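Number of protein chains: 2
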Amino acid sequence: MGATEAEPRTRVLILGGGFAGIGVARKLRKADVDVVIVDEHDYHTFQPLLYQVATDLLPRTTVGHPLRDLFDHQSNARVHTACVTSVNLEKREVEFAEMGPLGYDYLVLALGAQVNFFGVEHAADHAFPLYTLADAVRLKEHILDRWEAADKDPALVEDGALNVVVVGGGPTGVESAGAIAELYRAIFVTDYPDIPQENAEIVLVEAGPEIFAMFHPSLRRYAEKALARRSVEVLTGEIVESVTPTRVALKSGRVIPSHTLVWGAGLQANAVVEVLGLELQKGRRILVQPDLSVAGHPEVFAIGDIAWITDAKTGKVLPQLGSVALESGHHAGDNIARLVKGVKAEPFKYFDKGTMATIGRGAAVIQGPRGLTMKGKAAWLTWGAVHLALLSTGEDRAKAVVDWTWAAFTHGRSTRITVRTDAT
Amino acid sequence: MGATEAEPRTRVLILGGGFAGIGVARKLRKADVDVVIVDEHDYHTFQPLLYQVATDLLPRTTVGHPLRDLFDHQSNARVHTACVTSVNLEKREVEFAEMGPLGYDYLVLALGAQVNFFGVEHAADHAFPLYTLADAVRLKEHILDRWEAADKDPALVEDGALNVVVVGGGPTGVESAGAIAELYRAIFVTDYPDIPQENAEIVLVEAGPEIFAMFHPSLRRYAEKALARRSVEVLTGEIVESVTPTRVALKSGRVIPSHTLVWGAGLQANAVVEVLGLELQKGRRILVQPDLSVAGHPEVFAIGDIAWITDAKTGKVLPQLGSVALESGHHAGDNIARLVKGVKAEPFKYFDKGTMATIGRGAAVIQGPRGLTMKGKAAWLTWGAVHLALLSTGEDRAKAVVDWTWAAFTHGRSTRITVRTDAT
Numbered sequence: 001m002g003a004t005e006a007e008p009r010t011r012v013l014i015l016g017g018g019f020a021g022i023g024v025a026r027k028l029r030k031a032d033v034d035v036v037i038v039d040e041h042d043y044h045t046f047q048p049l050l051y052q053v054a055t056d057l058l059p060r061t062t063v064g065h066p067l068r069d070l071f072d073h074q075s076n077a078r079v080h081t082a083c084v085t086s087v088n089l090e091k092r093e094v095e096f097a098e099m100g101p102l103g104y105d106y107l108v109l110a111l112g113a114q115v116n117f118f119g120v121e122h123a124a125d126h127a128f129p130l131y132t133l134a135d136a137v138r139l140k141e142h143i144l145d146r147w148e149a150a151d152k153d154p155a156l157v158e159d160g161a162l163n164v165v166v167v168g169g170g171p172t173g174v175e176s177a178g179a180i181a182e183l184y185r186a187i188f189v190t191d192y193p194d195i196p197q198e199n200a201e202i203v204l205v206e207a208g209p210e211i212f213a214m215f216h217p218s219l220r221r222y223a224e225k226a227l228a229r230r231s232v233e234v235l236t237g238e239i240v241e242s243v244t245p246t247r248v249a250l251k252s253g254r255v256i257p258s259h260t261l262v263w264g265a266g267l268q269a270n271a272v273v274e275v276l277g278l279e280l281q282k283g284r285r286i287l288v289q290p291d292l293s294v295a296g297h298p299e300v301f302a303i304g305d306i307a308w309i310t311d312a313k314t315g316k317v318l319p320q321l322g323s324v325a326l327e328s329g330h331h332a333g334d335n336i337a338r339l340v341k342g343v344k345a346e347p348f349k350y351f352d353k354g355t356m357a358t359i360g361r362g363a364a365v366i367q368g369p370r371g372l373t374m375k376g377k378a379a380w381l382t383w384g385a386v387h388l389a390l391l392s393t394g395e396d397r398a399k400a401v402v403d404w405t406w407a408a409f410t411h412g413r414s415t416r417i418t419v420r421t422d423a424t
Numbered sequence: 001m002g003a004t005e006a007e008p009r010t011r012v013l014i015l016g017g018g019f020a021g022i023g024v025a026r027k028l029r030k031a032d033v034d035v036v037i038v039d040e041h042d043y044h045t046f047q048p049l050l051y052q053v054a055t056d057l058l059p060r061t062t063v064g065h066p067l068r069d070l071f072d073h074q075s076n077a078r079v080h081t082a083c084v085t086s087v088n089l090e091k092r093e094v095e096f097a098e099m100g101p102l103g104y105d106y107l108v109l110a111l112g113a114q115v116n117f118f119g120v121e122h123a124a125d126h127a128f129p130l131y132t133l134a135d136a137v138r139l140k141e142h143i144l145d146r147w148e149a150a151d152k153d154p155a156l157v158e159d160g161a162l163n164v165v166v167v168g169g170g171p172t173g174v175e176s177a178g179a180i181a182e183l184y185r186a187i188f189v190t191d192y193p194d195i196p197q198e199n200a201e202i203v204l205v206e207a208g209p210e211i212f213a214m215f216h217p218s219l220r221r222y223a224e225k226a227l228a229r230r231s232v233e234v235l236t237g238e239i240v241e242s243v244t245p246t247r248v249a250l251k252s253g254r255v256i257p258s259h260t261l262v263w264g265a266g267l268q269a270n271a272v273v274e275v276l277g278l279e280l281q282k283g284r285r286i287l288v289q290p291d292l293s294v295a296g297h298p299e300v301f302a303i304g305d306i307a308w309i310t311d312a313k314t315g316k317v318l319p320q321l322g323s324v325a326l327e328s329g330h331h332a333g334d335n336i337a338r339l340v341k342g343v344k345a346e347p348f349k350y351f352d353k354g355t356m357a358t359i360g361r362g363a364a365v366i367q368g369p370r371g372l373t374m375k376g377k378a379a380w381l382t383w384g385a386v387h388l389a390l391l392s393t394g395e396d397r398a399k400a401v402v403d404w405t406w407a408a409f410t411h412g413r414s415t416r417i418t419v420r421t422d423a424t
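Taken in sequence, the protein lines are chains A and B.
The numbering used here applies: residue 1 is where the first sequence begins, and numbers increase by one.
The numbering used here applies: residue 1 is where the second sequence begins, and numbers increase by one.
Heads up, some of the hints might be wrong.
[Said to hold, decoys possible] With a straight-line cut-off of 27 Å between C-alpha atoms, the simulated DSS-like cross-links for lysine-lysine are:
1. LYS225/B with LYS353/B
2. LYS152/B with LYS30/A
3. LYS225/B with LYS27/B
4. LYS349/A with LYS251/A
5. LYS30/B with LYS349/B
6. LYS349/B with LYS316/B
7. LYS316/B with LYS341/B
8. LYS27/A with LYS316/A
9. LYS91/A with LYS341/A
10. LYS152/B with LYS27/A
11. LYS353/B with LYS27/B
12. LYS152/A with LYS91/B
13. LYS152/A with LYS30/B
14. LYS282/B with LYS349/B
15. LYS27/B with LYS91/A
16. LYS152/A with LYS27/B
17. LYS225/A with LYS377/A
18. LYS353/B with LYS377/B
[Said to hold, decoys possible] Chain B is faced by these chain A residues, among others (derived, beta-carbon under 8 Å):
19. ALA82
20. PRO101
21. ALA408
22. GLY412
[Stated by the list, open to error] Here are the computed distance ranges between Cβ atoms for each label pair:
23. LEU381/A with LEU280/B: 42 to 50 Å
24. PHE118/A with LEU390/B: 48 to 56 Å
25. LEU390/B with GLU241/A: 49 to 57 Å
26. LYS30/A with ASP194/B: 39 to 47 Å
27. PRO8/A with ASP125/B: 40 to 48 Å
Derived by calculation from the structure, the hints in this document are not laboratory data.
These numbers were taken from a predicted model, which means no experiment stands behind them.
Backbone N, C-alpha and C define an ideal beta-carbon position, used for all residues, glycine too.
Next up, chain A with everything else stripped away, as it sits in the complex (with noise of 0.2 Å):
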């Protein structure tokens, strides 16, 4: 492992190949280092699409991309894959489940996060999170098992085998119930055409006051109305307190019987943090300095979801959005590169392009930088354009376009099938 060197150059071992990763990584192409990227998967995730997956629209492979094939060209780059086990940041090593342990000159936290269930009684067992390309596959099979169930055994339709539970107001919630909705009436209504689906309920559950908190009132209006048309319920101001198979039970006192919970509601950093010493802040984030290393280890950079970072320019700490990811793993991965040449690092200032959600085929808000918002159907072709441009390649951009352009057209989708390899 490793290439056979001359003389052994600075490391930089990247830990996660996810936008933070992968915009570290991309920065170093020129820098005199050794680039080791190690993720447990051997794909990069395009995480803005994971709800798509799991309705269908799109394949796990436009979704989910080669991370090897990403550094094809970069020849100071190197993949493995693998899981950490511990980080020595005295030892400035790092031992993982399946092969030897790696040492750095710099490391790189980009492990992302997990999905918190904040104590929700038996959420990790029965609810489905959409956070990781897996959480996305079983979503979709589940939700076909359901279908494929119900048409063998109607019964099921009245116990609540078709009805979804969607829990969080921010996009990940309202991207899945919206395209949910749509998967049902507009793909599923002709699949099954013996089972009365005017009894499939979609309910979206937001503990705030509204969804979309975090866009324009104008256009929070606009995707409630959206999700109304799609007969999506929305219940604001409601939390799910347990959670059985086939059963959902809010706070309220109201019990929804579904088969089906979706979990979009929020995020913890990956467990490795525990074991870190480092200072923690909510959601156990990695609270970093403003150049986004951590106190005490100039050699050490957190990016991305696992970090609480703090913009230079506003003061204000920053969500967890790829965007977010993409832009401080290249300013570390900058940052790097100047420590290496024996520069001052400086300080990262995020810059807002703005957040954009669909709900819907012709139905999207974006909230742009200065007060900008667009909705309807501008939006929605606007957010396709930006999406397709952000996809790793020109394969997974073609591929995209394709499954797009054809459920456009036709309302198909031929991605719908459960391919299962346990069995023979």
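We have chain A already, so just place chain B on it with the hints.
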């Protein structure tokens, strides 16, 4: 389940949603019958391209198409997913594991085949067949797993982790060996720059005196050269005797260190035939009458890989090929439509459109009707055009165009990821 009908119509129950089964259903589109298709999976498999899923050229969703989608616009057809547990030809009823029994007026046995290991020791435990989509995904993930393991532990290369033995010199074996060789030489060479892959061997083992026995000698010679150019070693007159997870032992005494044995060697009809009480032929295939019905049961048809079909024109037994499955399906469908209208069933005459196979990029062979042969780049382009035309829908075609075009121009394959849904 089942539409709410005024009065029961003639029910045609089709067991199996492969080429044979969908061929029958299509031909009954305008017949005054209820068509019920039951398959254990929720997808139809385009079997001729399975090796491309195994070698990351196509994603599973281009080769597996939702069965329900194929019949969305056929109002007299219903699809269910369930496993057949027993068939009662006297009672005219079929039982399933996951749903209640279904009676029928006409029954179509189109359950296909399963791999035949011919009693080779431990082959059932360690070999990788390539007959189902799950087989293809398993093989793909296994190959990726071996390379990832070798990346972390270089000693595994010496142990044969990257070596592949392919059994069977027919199209499945030759296409698989060629595609694996290209995956190694074009993709993994840059994915794993530190693994000395010149040590990775791909060996094709054929029991008979020659590979591609069904092709014209000039095409055989061409295929041998094309394999040699891709560093595939061909062993003819050689038989696999036993297999362990890391070794393949041949009858000649040679032992090949290899963690991967691809089984493209033989088929036997679906095990369900054992309980039918019908006359079986070699490979336990069901003997059918000239009209494709079974003796003593004019209302029961057997078609595709499960059937022992004699061509009414030539008197020859037809091979287990997709083209035979589809044509016999169409013919059985037409015959059922005739019987429903009180017209006599007709004997099946096979129209041989030819056979084709690819060895790799720019290398294919075609043996058409009337002695026509074609090889090399022109054959490869023809092969591509024909297979594009045969893929289920325009969407599948468009996706395959993207995948193949990208692979052809860039040697890139972006489906080489493993999404494990069993772990969280």
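Structure-based check of each hint:
Pair hint LYS225/B plus LYS353/B holds up; C-alpha atoms about 26 Å apart against a cutoff of 27 Å. Of the supplied pair hints, the one linking LYS152/B and LYS30/A holds, its CA atoms being roughly 26 Å apart against a limit of 27 Å. At roughly 43 Å between alpha-carbon atoms, LYS225/B and LYS27/B are farther apart than 27 Å, so this suggested pair is violated. Simply put, LYS349/A and LYS251/A have alpha-carbon atoms about 41 Å apart, too far for the 27 Å limit, and the pair is violated.
For a cut-off of 27 Å, the pair hint linking LYS30/B to LYS349/B stands: about 23 Å separates their Cα positions. Simply put, LYS349/B and LYS316/B have alpha-carbon atoms about 10 Å apart, close enough for the 27 Å limit, and the pair holds. A C-alpha spacing of about 30 Å is found between LYS316/B and LYS341/B, which places the hinted pair above 27 Å, so the restraint is violated. For the hint linking LYS27/A to LYS316/A, the alpha-carbon distance of about 25 Å falls within 27 Å, and the restraint holds.
For the hint pairing LYS91/A with LYS341/A, the CA-to-CA distance comes to about 23 Å; that is within 27 Å, so the pair holds. For the given pair, LYS152/B sits about 26 Å from LYS27/A by alpha-carbon distance, which is consistent with the 27 Å threshold. A distance of roughly 20 Å separates the Cα atoms of LYS353/B and LYS27/B; the hinted pair therefore holds under the 27 Å criterion. Distance hint between LYS152/A and LYS91/B is fulfilled; the C-alpha atoms sit about 22 Å from each other, no more than 27 Å.
Taken as a hint, the LYS152/A and LYS30/B pair is honoured in the structure, with Cα atoms around 26 Å apart against an allowance of 27 Å. Distance check on the hinted pair: LYS282/B and LYS349/B sit about 21 Å apart at the alpha-carbon level, within 27 Å; holds. Using a Cα cut-off of 27 Å, the hinted pair LYS27/B and LYS91/A is violated, with the two alpha carbons roughly 72 Å apart. Restraint check for LYS152/A and LYS27/B: satisfied, since their Cα atoms lie roughly 26 Å apart, inside the 27 Å limit.
For the hint linking LYS225/A to LYS377/A, the alpha-carbon distance of about 14 Å falls within 27 Å, and the restraint holds. Annotation: proposed proximity of LYS353/B to LYS377/B holds, straight-line Cα distance about 20 Å (limit 27 Å). Interface hint status for ALA82/A: upheld, as the beta-carbon distance to the closest one in chain B is roughly 7 Å, under 8 Å. With 8 Å as the threshold, the beta carbon of PRO101/A stays out of range of chain B, its nearest partner Cβ sitting at about 12 Å, so the hint is violated.
The restraint placing ALA408/A at the interface with chain B is violated, with a minimum CB-CB distance near 12 Å, outside the 8 Å limit. Satisfaction of the interface hint for GLY412/A is found here, the shortest Cβ-Cβ separation to chain B being roughly 6 Å, below the 8 Å cut-off. Between LEU381/A and LEU280/B the Cβ separation comes to about 59 Å, which falls outside the hinted range of 42 to 50 Å. At about 51 Å, the beta-carbon gap between PHE118/A and LEU390/B stays in the expected band of 48 to 56 Å.
The hint said 49 to 57 Å for the Cβ distance between LEU390/B and GLU241/A, and at roughly 53 Å that hint holds. Checked against the hint of 39 to 47 Å, the C-beta distance between LYS30/A and ASP194/B comes to roughly 21 Å, which is inconsistent with it. Look at PRO8/A against ASP125/B: about 44 Å separates their beta carbons, and that is inside 40 to 48 Å.
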